[in-house]
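Residue numbers (the numbering used here), protein chains in the order written: chain A, 1 to 297; chain B, 1 to 302; chain C, 1 to 260.
Read the hints as simulated data drawn from the structure, not as lab findings. Be aware that one or more of the hints could be misleading.
[Stated by the list, open to error] Chain C is faced by these chain B residues, among others (derived, beta-carbon under 10 Å): (1) V137; (2) N144; (3) V152; (4) R155; (5) A160; (6) Q162; (7) V168; (8) V178; (9) Q195; (10) R198; (11) F280; (12) R283; (13) A285; (14) A288; (15) L293.
[Claimed, not checked] Computed far set for chain C versus chain B, every beta-carbon distance over 10 Å: (16) G16; (17) E72; (18) I139; (19) A166.
[What the hints assert, rightly or not] Under the rule of at most 20 Å between Cα atoms (straight-line distance), these lysine to aspartate or glutamate pairs were calculated in the EDC-like manner: (20) B:K278 / C:E72; (21) C:K92 / B:E290; (22) C:K172 / C:E189; (23) B:K278 / C:D144; (24) C:K55 / C:E6; (25) B:K278 / C:E126; (26) B:K83 / C:E6; (27) B:K85 / C:E72; (28) C:K92 / B:E158; (29) C:K55 / B:E158; (30) C:K172 / C:E239; (31) B:K278 / C:D147.
We put the CB at the ideal spot given by N, CA and C, even for glycine.
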Amino acid sequence: MTQFLQQLINGLSIGSIYALMAVGYSLVYSIMNFSNFAHGSVIMLGAYFGFFSLTTLGMPFGIAFFIAACGAGFVAVTLERLAYKPLRDRRAPFLYFIITAMGASILIDNGVIATIGPTPKTFPPELLPSYLQSGSIQIGTLGIGRVDIAMFVITAVCLVALILFIDFTKMGKAIQATAYNMKASALMGINPNFVIILVFAIGGALAGVAGVLYGVKYQVFPQMSSITLKSFIAAVFGGLGSLPGALLGSLLLALIETFVSGYISTQLRDIFAFFILIAMLVIRPAGIMGKSAEDKA
Amino acid sequence: MLSSYFQQIIVLVGINMIAVLGLSILTGFTGLFSFGHAGFMAIGAYIAAIFVARLHLPFWMAVAAGAAGAALVSIVIGGLTLKLKGDYFCIATMGFGEAVRIILNNIEYVGGARGWESLPQLTSLWVVLVLAVAMVVITWNLINSRHGRNMVAIREEELAAQMAGINVFRYKMVALVVSAAMAGIAGALLGNYIQFLRPTMFNMVKSTDLTIMVIFGGLGSISGTIVGTIILTVLPELFRNFAQWRLVVYGLAVVVIMVGRPQGVMGGFEMTPSGIRKHFAARRARQALEAELRAAERESAA
Amino acid sequence: MSTILELKGLTKQFGGLTAVNDVSFKVAEGGISGLIGPNGAGKTTIFNLITGVYKVTKGAIEFRGTPIQGTEPYLIADKGITRTFQNIRLFKNMTVFENVLTACHTSARYGLLESIFRMPRYWKQEKELNEKARGLLEIMGLQDRMDITANNLPYGLQRRLEITRALALDPKLLLLDEPAAGMNPDETEQLMRLIGEIRKMFKLSVLVIEHHMDLIMGVCEHIHVLSFGCTLADGTPDEIANDPKVVEAYLGSDEEKKSC
Chain A
1 MTQFLQQLIN GLSIGSIYAL MAVGYSLVYS IMNFSNFAHG SVIMLGAYFG
51 FFSLTTLGMP FGIAFFIAAC GAGFVAVTLE RLAYKPLRDR RAPFLYFIIT
101 AMGASILIDN GVIATIGPTP KTFPPELLPS YLQSGSIQIG TLGIGRVDIA
151 MFVITAVCLV ALILFIDFTK MGKAIQATAY NMKASALMGI NPNFVIILVF
201 AIGGALAGVA GVLYGVKYQV FPQMSSITLK SFIAAVFGGL GSLPGALLGS
251 LLLALIETFV SGYISTQLRD IFAFFILIAM LVIRPAGIMG KSAEDKA
Chain B
1 MLSSYFQQII VLVGINMIAV LGLSILTGFT GLFSFGHAGF MAIGAYIAAI
51 FVARLHLPFW MAVAAGAAGA ALVSIVIGGL TLKLKGDYFC IATMGFGEAV
101 RIILNNIEYV GGARGWESLP QLTSLWVVLV LAVAMVVITW NLINSRHGRN
151 MVAIREEELA AQMAGINVFR YKMVALVVSA AMAGIAGALL GNYIQFLRPT
201 MFNMVKSTDL TIMVIFGGLG SISGTIVGTI ILTVLPELFR NFAQWRLVVY
251 GLAVVVIMVG RPQGVMGGFE MTPSGIRKHF AARRARQALE AELRAAERES
301 AA
Chain C
1 MSTILELKGL TKQFGGLTAV NDVSFKVAEG GISGLIGPNG AGKTTIFNLI
51 TGVYKVTKGA IEFRGTPIQG TEPYLIADKG ITRTFQNIRL FKNMTVFENV
101 LTACHTSARY GLLESIFRMP RYWKQEKELN EKARGLLEIM GLQDRMDITA
151 NNLPYGLQRR LEITRALALD PKLLLLDEPA AGMNPDETEQ LMRLIGEIRK
201 MFKLSVLVIE HHMDLIMGVC EHIHVLSFGC TLADGTPDEI ANDPKVVEAY
251 LGSDEEKKSC
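Please model the complete structure; the sequences and the hints are all you need to start from.
Below is the structure:
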C-alpha cells in the first residue's frame with residue numbers, strides 16, 4: 001500500500017511537469033494545427049535562464065523564476081516571428097512548420113552545447129528556497145519529497161491561472177474563438193497574429209517554469225529538450241489541441257510510467273510510452289479529449 | 001587510388017543516397033512525411049549484423065535480410081498508421097522510430113545501449129556504388145510509370161486521386177515498403193562499413209536528417225535528391241573540425257531554407273534531358289497561352 | 001429508359017445535423033439529370049455519398065442494379081462513376097497531359113516489377129496510355145495546352161481539364177459539381193454544348209449540380225430539387241420551373257420552412 005501511494009505521488013509530481021510542458025504543445029496546435037517540436041528547446045532554454053539568473057547573476061529564486069518564464073516566452077515568440085510567420089504568410093503546408101521546428105530545435109540545442117557545453121548543471125541547493133530543498137515530509141510510513149509537493153503546487157497554480165485566463169478573460173476567449181475558427185474570428189475583429197503571439201508567449205512562459213522545475217528536481221542539460229518529447233506524447237495521448245486533454249494525458253502518462261517502472265521494470269517505461277502513443281493513434285487518433293470529425297470534402 | 005578519407009566520404013554519400021532515395025519516394029513523390037526512417041535503417045543494420053557476426057552467413061544475404069526485415073516491419077506499421085491524417089502519421093512514425101531505438105537499447109544480444117563493436121568490414125566502395133546506382137535506376141523507373149504517377153497524384157490531391165480510381169492506401173503502402181526496404185539496405189551497409197552499431201546512431205535527429213536531405217534537394221525530384229544528399233553529406237564532413245558549430249549551422253540552414261526557398265535546390269525540376277525538355281515546353285506553352293489570352297482581351301476591348 | 005443510378009431513402013447525418021434526409025431519385029441511363037437547390041441543400045453531400053467519400057447513414061445507392069454504399073471510393077470509380085469538384089481539384093503541379101495520363105492508369109495492367117525492370121508490357125501499355133491521353137485532350141480541345149502545368153491554366157480550362165481527367169477513366173456515369181461556377185454566359189453556353197457532346201460521344205449518363213438556371217434548364221432532361229437536405233420536387237425542366245414550392249425555395253417566402 002505504501003509503495004502504491006509512493007508511486008502515485010511520484011506519478012502526480014512528474015505528471016504535473018509534463019502537463020506544464022504539454023500545454024505549450026497543445027495551445028500552439030489548437031491555433032496553428034502543427035506540432036511545435038521546437039517547444040522542447042524552449043523549455044531547455046528556460047531552465048538555463050533560471051539557472052544563470054540564480055547563479056551567475058545572483059538573483060533571488062523568485063526573480064530567477066520570473067526571468068526564466070519571461071525569457072522562454074520571449075524565445076518562443078521570437079521563433080514564431082522569425083520562422084513560422086513567413087511560413088504562415090505563404091500558407092505553407094503543416095509539414096514545413098514541423099521541419100522548421102525541427103531545424104530550430106537542432107539549432108538551439110547545439111547552440112547551447114557549443115557555447116555552454118554539454119555537462120549537466122545542478123541547481124546549487126544553498127540558493128534554493130527551503131520548499132525546494134531535498135528531503136521529505138514523513139506521513140506515517142509515507143515519505144513525500146518536498147520538491148514534489150512544491151512542484152505539484154506551483155504547477156497547479158500556473159494551470160489554474162491559465163484555465164481562468166482562457167475561460168474568463170477577453171483575450172482567453174479570443175484564443176478559444178481563434179482555435180475554433182481562425183477565419184471567422186478574424187472577420188469578427190480578432191487579430192489572429194495577436195492571438196498567435198499570445199499563445200506562443202503563454203506556452204513559452206509555462207515552458208520556462210517547467211524547465212526550472214525540471215532542472216531543480218533533476219539537472220539542467222542540453223538534451224532536456226528531447227526528454228520533453230514525453231510531454232508531447234502526453235499531449236497527443238490526451239488529444240492535441242485540447243487543454244483538459246493535455247492535463248489528463250500528462251497525469252495518466254506519468255502514472256502509467258511510474259507504475260510500470262515501479263512494478264514491472266524501468267527499462268520498459270520508455271517503450272511503454274511510445275507504445276501508448278502508437279496504440280492511441282491507431283485506436284483514437286484524436287486522443288482522449290479531442291474531437292474526431294468527418295472531413296468535409 | 002583514392003585516398004581513404006575520400007573513399008570514406010563517397011561510401012557515406014552512397015549509403016545516405018540509398019536511404020534518402022527511398023524516403024524521396026515516400027516524401028517527395030507520395031507526400032507522406034516520416035520522422036522514423038532511422039528506425040528502418042536500424043532494423044536493417046541490426047539484422048544484417050546478426051546475419052554476419054552471429055550466424056556467419058554471407059554478406060549479400062545479410063543485406064537482403066536487412067531490407068526484407070525493414071520492409072516487413074513497415075507493412076505492420078503502415079497497416080496501423082497509413083489511414084491516419086497528415087500530422088498524425090508523422091507523429092506515429094516518430095513514435096515508431098524512437099520505440100525501435102529504445103527496444104534495441106534493451107536487447108543485450110546485440111549489445112544494448114553500449115553498442116555493438118568489432119563488426120566485420122564487408123561493405124566495399126564498389127558494393128555501395130553499384131547498389132546506389134541500382135537504386136537510382138529503380139527509383140527512376142518506378143516514378144516514371146503509372147504506379148509512380150499514381151503516387152504523385154496522391155501527393156497532389158488525395159481526394160481527386162481516389163475519385164480517379166487510385167487505391168490510395170495501397171500506393172501509400174507501396175511507397176512506405178519500398179522506402180523502408182531501401183532504408184534497411186542503407187542500414188545494413190552502414191553497420192558493416194563503420195564496424196559498430198549503437199542505438200543512438202538511429203535517433204530522431206538521424207530521421208530528421210534524412211527528411212531534410214529530401215527537402216533540401218527539392219520534393220519530387222530524383223536529381224534533386226541526389227544533389228541534396230551529396231551536398232548535405234559532404235559539407236558537414238568537411239567541417240568536422242568545427243564539431244558542434246557544424247550542427248548549429250545545419251539547424252540554421254534548415255530554418256533558412258524552409259523560410260526562404262521551400263521548394264529546395266531543384267524544386268521538382270529534373271536535371272535530365274527529358275526533364276529539361278519538359279521544363280522548356282511548359283514555359284513555351286504557358287507563354288503561348290498568355291499571348292493568346294492577351295490577344296483575345298484586346299479583341300474584345302476593340 | 002433504364003435506370004443507371006438509384007438513390008433509395010438516402011440519409012446522411014453529421015453528428016446531430018441531418019445533411020441529407022430520406023432522398024430518393026433515379027438517374028436515367030444515357031440521360032442528363034440535374035440536381036439543384038439553394039446553398040446548403042445537401043447537393044455536394046449527395047455526390048460525396050455516391051462516390052463513397054462519406055459513409056451512408058441510412059438508405060441505399062444502387063448503380064446498375066447493385067448496391068454500392070460502403071464500397072471504397074476508388075472501387076466506385078473503378079465501377080464507372082467519376083466526378084469533378086466544386087472547388088476544382090487538379091493535380092496542380094503536373095502538366096495538363098500528365099493529369100490525364102495519370103487518370104488513364106486503369107487502362108493499363110502492368111505491375112510494379114514490370115515497371116521497375118522495364119519489361120515489354122510496360123513499353124507497350126505506356127504507349128497505349130500516351131495515345132489515349134493525347135486522343136482525349138484532342139477531343140476536348142486541350143491539345144495545344146498539353147505541356148502547361150495545370151496550375152497555370154485559366155479557370156475555364158481548369159474545369160475542362162477536370163472533366164477530361166474524369167473521362168480518362170471511361171466512366172458510365174459522370175457527376176459534375178457546379179461545372180459552370182465562375183464562368184461568364186459565353187463560357188457557360190460553350191460548356192452546355194460540350195456536356196451534350198461528350199454525353200453522346202462517350203455514351204455517358206450525367207448528373208450535374210448547378211446554380212446557373214439556364215444551363216440546368218437547357219441541358220437536363222430531368223431535375224431533382226433539394227432544400228435543407230430534403231426532396232422538394234422532381235420532374236422535367238418545365239414541371240420544375242412551374243412548381244410553386246421550387247419558386248418559393250429560390251425566391252424565399254414569408255415563413256421559412258426548415259423541416260420537411
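Going through the hints against the structure:
{"no.": "1", "hint": "V137", "in the structure": "8 Å, holds"}
{"no.": "2", "hint": "N144", "in the structure": "8 Å, holds"}
{"no.": "3", "hint": "V152", "in the structure": "7 Å, holds"}
{"no.": "4", "hint": "R155", "in the structure": "9 Å, holds"}
{"no.": "5", "hint": "A160", "in the structure": "4 Å, holds"}
{"no.": "6", "hint": "Q162", "in the structure": "4 Å, holds"}
{"no.": "7", "hint": "V168", "in the structure": "7 Å, holds"}
{"no.": "8", "hint": "V178", "in the structure": "9 Å, holds"}
{"no.": "9", "hint": "Q195", "in the structure": "32 Å, violated"}
{"no.": "10", "hint": "R198", "in the structure": "34 Å, violated"}
{"no.": "11", "hint": "F280", "in the structure": "9 Å, holds"}
{"no.": "12", "hint": "R283", "in the structure": "9 Å, holds"}
{"no.": "13", "hint": "A285", "in the structure": "4 Å, holds"}
{"no.": "14", "hint": "A288", "in the structure": "7 Å, holds"}
{"no.": "15", "hint": "L293", "in the structure": "7 Å, holds"}
{"no.": "16", "hint": "G16", "in the structure": "23 Å, holds"}
{"no.": "17", "hint": "E72", "in the structure": "8 Å, violated"}
{"no.": "18", "hint": "I139", "in the structure": "18 Å, holds"}
{"no.": "19", "hint": "A166", "in the structure": "8 Å, violated"}
{"no.": "20", "hint": "B:K278 / C:E72", "in the structure": "35 Å, violated"}
{"no.": "21", "hint": "C:K92 / B:E290", "in the structure": "18 Å, holds"}
{"no.": "22", "hint": "C:K172 / C:E189", "in the structure": "24 Å, violated"}
{"no.": "23", "hint": "B:K278 / C:D144", "in the structure": "14 Å, holds"}
{"no.": "24", "hint": "C:K55 / C:E6", "in the structure": "17 Å, holds"}
{"no.": "25", "hint": "B:K278 / C:E126", "in the structure": "18 Å, holds"}
{"no.": "26", "hint": "B:K83 / C:E6", "in the structure": "30 Å, violated"}
{"no.": "27", "hint": "B:K85 / C:E72", "in the structure": "17 Å, holds"}
{"no.": "28", "hint": "C:K92 / B:E158", "in the structure": "12 Å, holds"}
{"no.": "29", "hint": "C:K55 / B:E158", "in the structure": "17 Å, holds"}
{"no.": "30", "hint": "C:K172 / C:E239", "in the structure": "27 Å, violated"}
{"no.": "31", "hint": "B:K278 / C:D147", "in the structure": "7 Å, holds"}
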